[in-house]
Amino acid sequence: MPKDGTNFNDFPALSELKPGAKGFIHAVGNFAANNNAALEERLREVGFDEGLPIEFLHHGPFGRDPLAVQIDGMIVALRRVEAAHVTVALDEALTG
Amino acid sequence: MSETKLVALVGNPNCGKSALFNTLTGLRQKVANYPGATVDRRVGRLQASSDAIDIIDLPGTYSMKPKSMDEAVTVDVLTGTQEGTSRPDAIVCIVDATNLGQHLRLVLEIKNLGLPMVVALNMVDMARRDGIEIDSEILARELGVPVIETVAVRSKLVRELTEVLQDITDHPTPEAEENNSLRDLQRRARLIANVATIKAGVIHQATRLLDRIVLNVFLGPIILFGLLFTMFQAVFSWAEVPMDMIEAGVAQLQVLVNDNLSDGYLSSFLSDGILAGVGSVIVFLPQILILFIFILALEGSGYMARAAFLMDKLMAKVGLNGRAFIPLLSSFACAVPGIMAARAISSERDRLTTILIAPLMTCSARLPVYTLIIAAFIPNDTVYGMFNLPGLVMFALYMAGIISALLIAAIFKRTLTKGGTLPLIMELPKYQLPSMRYMAVGLYERARIFIRRAGTIILVSVMVLWVLSIYPNAPEGADHADIYYSMVGLIGRGLAIIFEPIGFNWEISVALVPGMAAREVAVAALGSVYALSGSEDMVAASLSTTLRGAWSLPTALSFLAWFVYAPQCLSTIAVTRRETGGWKWPIFMLAYLFVLAYGASFVTFHTATYLLT
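Residue numbers (our numbering), protein chains in the order written: chain A, 2 to 97; chain B, 534 to 1146.
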């Protein structure tokens, strides 16, 4: 799991994905050099949590920013810089 | 027994809280402000209750650790530390049945407050449509508090909640949760949701489908622009018939007064003062209501958050947050709620920038001014086969305000409010048809505020203006109308020295003064001033006809340019002072807008004069 030294490179950040990508949230904040406690708290409050299904739905018309993702029963918008704090275990990676 | 009990409504944003509030209280509600903090505080008496139970609606929050000022108000009220309101006796925590796992975490946090509470499992109709089945008995057992299913917009489906609320304060307080870290509560909330959910559904398919169109990279911006364009065209063209009817009614009243009262002070006071003044403002009620129909529909349908999504990147370019789009859009109605809505922006700097530029969004009080001048000077032609020219000019005026606002925000961001950009994390709510009740309550509220203003601020302003324009009397054998020699004439001619370079005559200059009370009063003042200085024929003619004879086109355009930037009304200044906690920013705002208004009018007047001669 996220905190026990897994190699995070195996799991792409949400910010690197494209619309249509589906999977499960692998880690929220608290990894790499991106440590930002306030941001992590905000992400968790709005509903991001490890293990929840996530789907990348849309990106904005200008500069492909912000992103709209579906987590569980809700759709959340966030900017790419914020999405860099979330990693995703993609479905295709799990099955193939 | 007869002591009034206070019950607070709490929930995540987008849980249907305000709709539930409206249904619980009907029209027996009032909007008030917190002292020192101007977040709307809506309080209403519970319908059909034997004991006196007041319901208070609090701003939506994700947690009891506030991230923005309006969330802070919610937390302060619940913990009893908010000035001006007593601590609630009980809490109704509202959760969205279609997003149970997320919303239950707040319930767990609220349990720790030690107040009697009940959970309203809201939007059960939508959940059922999405194929979601929740057992509210299991949910109640797991949470340890009563759970009642509701459909906020149907009064029949909140009756059970109303009944439970009768003796809510006698309920035992719930046991506090053991683990309080965000993560633990989150996990526990999801666990409870899983246990209580008999059948998990698929998220609102219509929302996903609509979003594919509305948030489409190409179609999205086109739809947004088209909607705003339609909104301004509609404000102009739909309102025509009712406005003509009101105008004719006022004119008939004036004739009635003139016919039945002998010429004298009373007749002049009623006809030139009150009817000309207040009447010229009341006539804009249809336009303001149409504008609000659009804004309420955009808010109620869930589109507003999409607009913020589409605009975020552009807003970020000028250093603003996509969330600033919502306060800025509501500033089209009025800058006061717009400035208050800026409280949802978590960054202090972004909030300040948003407040400072909010008055540049053309508020509905400026509509009367624009409409009057456009009707007088812009021919009602159709251009390019489909666009109404006055509507187009109106759109251009709105755009001028928006573009200026963005430029000024960019300048502020590089100078006054420097700093990095802050996060945008927001939920995009599910689409829904805005409920009729929600629209009706909103419109009723608006109409009431507008008419009350016409009956108070505007009435008093025109009465004072009338008195000042009668005294002192004109000297014997004067060449000008009496008003020229009155106090009003004196003040106007004094101010005209300042405003002459931008093409304003003394009548306009004097109308700007009461225009500070509320912008539409400028129209009322012009109505009175011209009614008093005109001959009998001019009184009968409408104000726009009178202006066409009295002003040159460059003056009219300069007047429009002035009102794009117009130093704001007293209420805007007052709310800015409260929101920024001092006089520094409101004075700065007043100064920079005055300079802009003067500059823009100067350029407009001289360019137009040059081009037309």
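Hints listed in this document are in silico derivations from the structure and should not be mistaken for laboratory results.
Here the structure is a predicted model, which means the values were calculated and not measured.
All residues carry an ideal CB built from backbone N, CA and C; glycine is no exception.
Mixed in with the good hints there might be a few duds.
To be verified - Derived lysine-lysine pairs resembling DSSO-like cross-links, with alpha carbons at most 27 Å apart: (1) K19/A to K846/B; (2) K850/B to K19/A; (3) K19/A to K946/B; (4) K850/B to K538/B; (5) K23/A to K946/B.
Claimed, not checked - Facing chain A, a subset of chain B residues (Cβ under 8 Å, in silico): (6) D744; (7) L847; (8) A929.
Would the stated hint for L847/B survive a check requiring a Cβ distance to chain A of less than 8 Å? 6 Å, holds
Answer holds if the nearest beta-carbon of chain A is closer than 8 Å to that of A929/B; otherwise answer violated. With Cβ-Cβ at 23 Å, over 8 Å, it is violated.
Hey, does the D744/B contact hint survive, CB to chain A under 8 Å? Hint on D744/B: holds, closest Cβ of chain A at ~6 Å, below 8 Å.
Given the hint that K19/A pairs with K946/B, does the C-alpha gap stay at or below 27 Å? 31 Å, violated
Can you confirm whether the C-alpha distance between K850/B and K19/A stays at or below 27 Å? Holds - the C-alpha atoms of K19/A and K850/B are around 23 Å apart, at most 27 Å.
Pairwise hint evaluation, K846/B against K19/A, where the allowed Cα distance is 27 Å at most: 18 Å, holds
Measure nothing beyond the straight line between the CA atoms of K23/A and K946/B; if it is 27 Å or shorter, mark the hint as holding. 37 Å, violated
Just to be careful, I want the Cα atoms of K850/B and K538/B compared with a cutoff of 27 Å; is the pair within it? Measuring from Cα to Cα gives roughly 49 Å; hence the hint is violated.
Hint check: violations occur at hints 3, 4, 5, 8; the rest are consistent with the structure.
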